[in-house]
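Input sequences plus hints: build the corresponding full structure.
Residue numbers (the working numbering), protein chains in the order written: chain A, 1 to 395; chain B, 1 to 395; chain C, 1 to 395.
Please note: incorrect hints may appear among the correct ones.
No copy is singled out in the list; a pair is fine if it fits within one copy or between any two copies.
Stated by the list, open to error - Derived BS3-like pairs: lysine-lysine, alpha-carbon spacing no greater than 30 Å straight-line:
{"hint": "1", "residue 1": "K146", "residue 2": "K297"}
{"hint": "2", "residue 1": "K34", "residue 2": "K130"}
{"hint": "3", "residue 1": "K185", "residue 2": "K145"}
{"hint": "4", "residue 1": "K286", "residue 2": "K260"}
{"hint": "5", "residue 1": "K20", "residue 2": "K292"}
{"hint": "6", "residue 1": "K304", "residue 2": "K175"}
{"hint": "7", "residue 1": "K175", "residue 2": "K145"}
{"hint": "8", "residue 1": "K292", "residue 2": "K130"}
{"hint": "9", "residue 1": "K175", "residue 2": "K201"}
{"hint": "10", "residue 1": "K391", "residue 2": "K54"}
{"hint": "11", "residue 1": "K350", "residue 2": "K20"}
{"hint": "12", "residue 1": "K130", "residue 2": "K243"}
{"hint": "13", "residue 1": "K350", "residue 2": "K130"}
{"hint": "14", "residue 1": "K54", "residue 2": "K376"}
FYI, nobody ran anything at the bench for these hints, they're computed from the structure.
Just so we're clear, the structure is a prediction, and the values are computed from it rather than from any experiment.
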Amino acid sequence: MNIQDKIKTLAQLDTDLFGKDFLLTWEKSDDELKAILEIAAILKQMRDENVSPKVFDSGLAVSIFRDNSTRTRFSFASAANLLGLAVQDMDETKSQIAHGETVRETANMISFLTDAIGIRDDMYLGEGNKYMREVAEALDEGYEKKVLPNRPGIVNLQCDMDHPTQSMADLLHLKNEFGSLENLKGKKIVMSWAYSPSYGKPMSVPQGIIALMTRYGMDVELAYPEGYDLIPEIVDIAKDNAKKSGGSFKVSHHMAEAMKDADIVYPKSWAPFHIMQERTELLKNKDMAGLKKLEQKALLNNAKFKDWEYTEEMRKTTKDGDALYMHCLPADISDVSCKDGEVEAEVFEKYRIKTYHEAGFKPYIIASMMFANKFKNPVAVLQGILDSGAKRVRF
Amino acid sequence: MNIQDKIKTLAQLDTDLFGKDFLLTWEKSDDELKAILEIAAILKQMRDENVSPKVFDSGLAVSIFRDNSTRTRFSFASAANLLGLAVQDMDETKSQIAHGETVRETANMISFLTDAIGIRDDMYLGEGNKYMREVAEALDEGYEKKVLPNRPGIVNLQCDMDHPTQSMADLLHLKNEFGSLENLKGKKIVMSWAYSPSYGKPMSVPQGIIALMTRYGMDVELAYPEGYDLIPEIVDIAKDNAKKSGGSFKVSHHMAEAMKDADIVYPKSWAPFHIMQERTELLKNKDMAGLKKLEQKALLNNAKFKDWEYTEEMRKTTKDGDALYMHCLPADISDVSCKDGEVEAEVFEKYRIKTYHEAGFKPYIIASMMFANKFKNPVAVLQGILDSGAKRVRF
Amino acid sequence: MNIQDKIKTLAQLDTDLFGKDFLLTWEKSDDELKAILEIAAILKQMRDENVSPKVFDSGLAVSIFRDNSTRTRFSFASAANLLGLAVQDMDETKSQIAHGETVRETANMISFLTDAIGIRDDMYLGEGNKYMREVAEALDEGYEKKVLPNRPGIVNLQCDMDHPTQSMADLLHLKNEFGSLENLKGKKIVMSWAYSPSYGKPMSVPQGIIALMTRYGMDVELAYPEGYDLIPEIVDIAKDNAKKSGGSFKVSHHMAEAMKDADIVYPKSWAPFHIMQERTELLKNKDMAGLKKLEQKALLNNAKFKDWEYTEEMRKTTKDGDALYMHCLPADISDVSCKDGEVEAEVFEKYRIKTYHEAGFKPYIIASMMFANKFKNPVAVLQGILDSGAKRVRF
Chain A
1 MNIQDKIKTL AQLDTDLFGK DFLLTWEKSD DELKAILEIA AILKQMRDEN VSPKVFDSGL
61 AVSIFRDNST RTRFSFASAA NLLGLAVQDM DETKSQIAHG ETVRETANMI SFLTDAIGIR
121 DDMYLGEGNK YMREVAEALD EGYEKKVLPN RPGIVNLQCD MDHPTQSMAD LLHLKNEFGS
181 LENLKGKKIV MSWAYSPSYG KPMSVPQGII ALMTRYGMDV ELAYPEGYDL IPEIVDIAKD
241 NAKKSGGSFK VSHHMAEAMK DADIVYPKSW APFHIMQERT ELLKNKDMAG LKKLEQKALL
301 NNAKFKDWEY TEEMRKTTKD GDALYMHCLP ADISDVSCKD GEVEAEVFEK YRIKTYHEAG
361 FKPYIIASMM FANKFKNPVA VLQGILDSGA KRVRF
Chain B
1 MNIQDKIKTL AQLDTDLFGK DFLLTWEKSD DELKAILEIA AILKQMRDEN VSPKVFDSGL
61 AVSIFRDNST RTRFSFASAA NLLGLAVQDM DETKSQIAHG ETVRETANMI SFLTDAIGIR
121 DDMYLGEGNK YMREVAEALD EGYEKKVLPN RPGIVNLQCD MDHPTQSMAD LLHLKNEFGS
181 LENLKGKKIV MSWAYSPSYG KPMSVPQGII ALMTRYGMDV ELAYPEGYDL IPEIVDIAKD
241 NAKKSGGSFK VSHHMAEAMK DADIVYPKSW APFHIMQERT ELLKNKDMAG LKKLEQKALL
301 NNAKFKDWEY TEEMRKTTKD GDALYMHCLP ADISDVSCKD GEVEAEVFEK YRIKTYHEAG
361 FKPYIIASMM FANKFKNPVA VLQGILDSGA KRVRF
Chain C
1 MNIQDKIKTL AQLDTDLFGK DFLLTWEKSD DELKAILEIA AILKQMRDEN VSPKVFDSGL
61 AVSIFRDNST RTRFSFASAA NLLGLAVQDM DETKSQIAHG ETVRETANMI SFLTDAIGIR
121 DDMYLGEGNK YMREVAEALD EGYEKKVLPN RPGIVNLQCD MDHPTQSMAD LLHLKNEFGS
181 LENLKGKKIV MSWAYSPSYG KPMSVPQGII ALMTRYGMDV ELAYPEGYDL IPEIVDIAKD
241 NAKKSGGSFK VSHHMAEAMK DADIVYPKSW APFHIMQERT ELLKNKDMAG LKKLEQKALL
301 NNAKFKDWEY TEEMRKTTKD GDALYMHCLP ADISDVSCKD GEVEAEVFEK YRIKTYHEAG
361 FKPYIIASMM FANKFKNPVA VLQGILDSGA KRVRF
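If you want it as structure tokens, here you go:
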């Protein structure tokens, strides 16, 4: 489809994204999610066809990361750069940011000439998303009281609840692999826990996936060993979504069983809800000995489930023996990145390039979220870019 | 006032800012300071009205920070970006810069394609400003000997003597609050020491404030507990300025007394001159035990002056019970950021948003200093920007 | 010569640089090296004459540094910025990159919207250049399999074998000092080991110099104390080059003798090959005690050769007592940066500004390598830039 047709599709959607932060997919309407996908696809195609969607002549995009991340950092930087914004990192080591009373001050201090803020804060259960909302409120006040000339839009780059840039990139990948969102109806996707030698991986990916994919009429199965529950409220959202969309949502506790006849599989480790709760308390109290103990307990428990590895044998039981394997990367690949991991090397290798394609949508999803936030009429702006004939490589 | 009128005002000023570094306000003429304010205001209004003052198509703005600072870092980055320069940080951890013989080499190595250098070096008494002048000399030589295609302009982002981007932003804030520089005549401003649980805060803010505000016919009162003196030479500058400008300058040692009838109050902690002298010696000798001892001594002495807190009660004694409260942020707010601090929470909250406005001028002051340094005829360039119709948000 | 004439010179060269990484000078033809010099000179002249060669409207230039480097970091940033690319650093502290299996994944993850990647990896013998080729292969695969919309070009910013951006900047400096590459014929250049109080300096500079300068008909002499050998294969390349170019290549072991009648001298410390081999093994095994021992042994051995210092006395024996002194900087200057060093302060001071000029070519060499990689027809693009009338300082 050419860009023009995509813009026409976008024009038919009823959205209210202008000036709204992107924090959780379940706060957005179906049309709004479609619009994010559409704008992302348009921006990607523009880049591929050497059209430059540089809508800003200047302006900052601030990234606030509470942990390290090559992938998300580069995705954010790419998105900002594509639209014309310069990235300014706000690492805690470089600055004085903190939770609590100083948030509202700092939020304003970094925003005088800022158009977008990306925040990654997935360390503490019950904190990351809350922090983003604190920043948002501070920005609202700053804009209202004329401290800020415009209200920077916030993009959630991963929190304790959701990882919307990941799940939306995953959705765009599925749309491309299966031809359309409509084609996802009736497809079986298995979001499965998988063994990893590490401990404490965030729950935001599985939560994001089940909450999002249940909106497209898919049969979503969440498989994990007893005890590895996710946040209950988010599981409820998935259940509701499945009902509304005419799909299904099921929780099960046997990996190999779950994989049977799957169209799509997403085997990935995470830490159980109750461990994350304990961990958050210990972290808050800076109880290092307690954390060490918890880690040992958790790893010991994990070790019981080394057979939760996505294998060639399992793959053969999936739909046509060829379920689309997905992962947010990096995966724990058995005998490659670790001894026992989430996936057999042979299987991973088969879908490796596809996981790269999957990851490749993320910069455009982020750019799309920024874009939708800043323009009241994205259709007109995208058309304007096309008409302007601006080239990315100028000569 | 519209931009056009501001440009006309600027045109009437007699300045020699082109190619000159901005290191100390007292090295600049009255017209030059006015020009900096005027250009800053024009750049701000351009940004607000979606005019893009991106005068550089490429070029670096190098920041050299010897301590961490979110606020100044972001202000510098915003200023550079607004004018079209990319920020390149020169953190000491990332590089090999040092005082002494290597300064002149490094200054050239980072400047081959650089237009502006912002330096923050406020750790050592007698060193920060000296270091900037060392860099400046090295750049002069590099430019003269054709090592550098142009001479980057230096902006002092805080040194041991002055904090001109802060004091000039403060002045622009006052101009806006009171309507004009002329209206500042006869106003009483109190720069007061205030209690803080921390130790060793630089003297550059109070020094910058008294040296600058005495130029506008204000009644400037510097209040601090006995012993918390500033650098004597800079106090003398304030005295001279007051005489010339028809204002007054007074040193006093009772906070509550000083605040009476004040139009503007600036309560802020700093370390006394003699402590800073001792500290500098100890730092140079890397005498960690000595530093620890000095800190204890200083904190113990500070603790005698916990009543140097700007309170609601004091506020009521100011002009109309509503003196404009100023602070360079972050303030030590009692019961918020610390138990006992510089200001009562209730008072701070009343003026909180105004302190944000105050801070919001800093990016534009920095941009203005860069701008004035690079263009022989800023009036023509600003007019050229307006005429070009360049938009910041392009669509 | 004006830019137009330089473009004409470039047009006569037969090159195949488009889409090719720049990893080793000896993989490039004579015409290709000439083209890199010519493009660098054109870009420099454009910058000097306020023409803006900003060929990219957006895009990232990724820098991967395995050690700290102010100079190269700033050169890379300047080059990227000049062409319109935003720098995104990939410090290991900030990310999850590693040798081995994850290289191919990370290489793709950082490249979705990336045009150029600069890599500095000079720590391990036999590793740095290999790593670059691993990245290159991963990028080839990513581009071929449509993971990447374009193939980022790699520039070697220093590896265990070569330091092509340094040696090519040095060559451009020589071309400027002596008028032309042709004029270098018959000139004597001495690449000499020199004493330094530090240990383990990479061999890439001397290796790069002897492998490159032997191509221009010069009499290249490599002087070092017995035992301080370079990688034998690269010495062989120098020998071959000398034969082909009609120059000469000679290894000797007496500094003062070597310097006699030299036109150009390059006294610089390095660690011997066998020490580097041992060091690499120890580093791989994380044998810290072994490394400590090796360092002591190496320093002890170095100390025998404190008289390998380039002195005023030696200088007087060079051609007309005025051989061009070169150094990649920073030099170990006796009684300045250290007690005993590579060069006497008095001598260094005489050529100090010239070493700055030498260094000043590096940003343009890097920009040239990026440029040549990205454009099939650099002549047309350079002409297009000229014709467009784009200014760097816009007003």
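*Would you pick out the hints that fail for this structure and give their numbers low to high?*
1, 4, 5, 6
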